[in-house]
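K.L.:
Sequence:
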Amino acid sequence: MTDNHESEGAARSAPSAPADTSAIPVERAEAIKAVRLRHPWRNTVAVILIILVLLFILDAAQRQAFQWDIVGKYLFDTRVTEAAFITLALTVLAMLFGIVLGLVLAVMRLSPNPVLKWIAWAFLWVFRGTPVYVQLVFWGLVTLIYKTFIIGIPFVHTWAEIPISWTPPLFLIAVVGLALNESAYMAEIVRAGLLSVDPGQEEACTALGMSWGQTMRRVVIPQAMRVIIPPTGNEVISMLKTTSLVVAIPYTLDLFGRTRDISATIFAPIPLLIVASVWYLFFTSVLMVGQYFVEKRFSRGSDRSRPVIADVVGIEIGGKG
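The numbering of the sequence shown is the working numbering, which starts it at 804 and goes up by one.
Keep in mind the hints are simulated off the structure, nothing from the lab.
In this text, all values refer to a predicted model and were calculated from it rather than measured experimentally.
Heads up, the beta-carbon is just placed ideally off N, CA and C, and yes, glycines get one too.
Please note that a few of the clues may not be correct.
With beta-carbon atoms standing in for the labels, derived distance ranges [what the hints assert, rightly or not]:
1. Thr-961 with Ala-892: 53 to 59 Å
2. Pro-1025 with Leu-840: 40 to 46 Å
3. Ser-1014 with Phe-1096: 27 to 33 Å
4. Pro-972 with Pro-915: 23 to 29 Å
5. Gly-1012 with Thr-933: 43 to 49 Å
I would like the entire structure built from these sequences, with the hints used as guidance.
P.N.:
What follows is the structure, encoded as structure tokens:
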């Protein structure tokens, strides 16, 4: 009796053998015949858009108001090319100073010192809350606002009053005005990038004996650059076009100002606007290509195609994703 129970228990506990699938008819194993979903309206809209674009190009090629002969004449004119590179210089210098000052402001915003934090907040409030055109007008009038340099106790006693006779170059005023405005936006971009890095990594670096500078240079900033680079590239492209507002200072040696002056002498504003637009598009295209390679450089080692759940499962099972 005991032997029978043991044999029955062993039979129940033994794994069942896989079913024999060799007897399944081949007809039942046929591949599913999927019917491709058709999108007739998608193709129709695409054809209509192509036709509209071709009609626009043909119309623009023969429309006399564009005066393509004048466009070709002034596209590589010496005055225009010089103005184009002045615009590029304004963009580069304003962005360099804007990024440096924005980094300082971002650190001040993250500082535990409430004075530094509120000074940075007030700076951002002023320069992000007023139009850049208005700011450039103020910078153009800076010599009228500050005619003298006063040394003394405000509202109490004046020890010395020194007249300011130096007039800064308009190019310098343009760079300063654009850089101060840009620094307010770069501060938020840099701050967002630094906050995107897990604070636990800084704590781990401190536990390993790394200094604050080593932690920033080797761990935090390389990871933060993945967040900082894309919006910074957009800011550079935006700055290139914002330089056209320096006429508010007034500074007219940039690309837009120079083409506007030329158009006023030959009474042909439309073709000179096209000339300026072609140069802006050329520089923008170069910057977009550069932005692509910079983003590719700083995104090495990150797999954006992996879903978040894969990282979570990897951490739970293997300890690292």
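K.L.:
Now look at each hint and say whether the structure bears it out.
P.N.:
Checked hints:
| no. | hint | verdict |
| --- | --- | --- |
| 1 | Thr-961 with Ala-892: 53 to 59 Å | violated (40 Å) |
| 2 | Pro-1025 with Leu-840: 40 to 46 Å | holds (44 Å) |
| 3 | Ser-1014 with Phe-1096: 27 to 33 Å | holds (31 Å) |
| 4 | Pro-972 with Pro-915: 23 to 29 Å | violated (40 Å) |
| 5 | Gly-1012 with Thr-933: 43 to 49 Å | holds (46 Å) |
Checked against the numbered hints given earlier, this structure breaks hints 1, 4; the rest are met.
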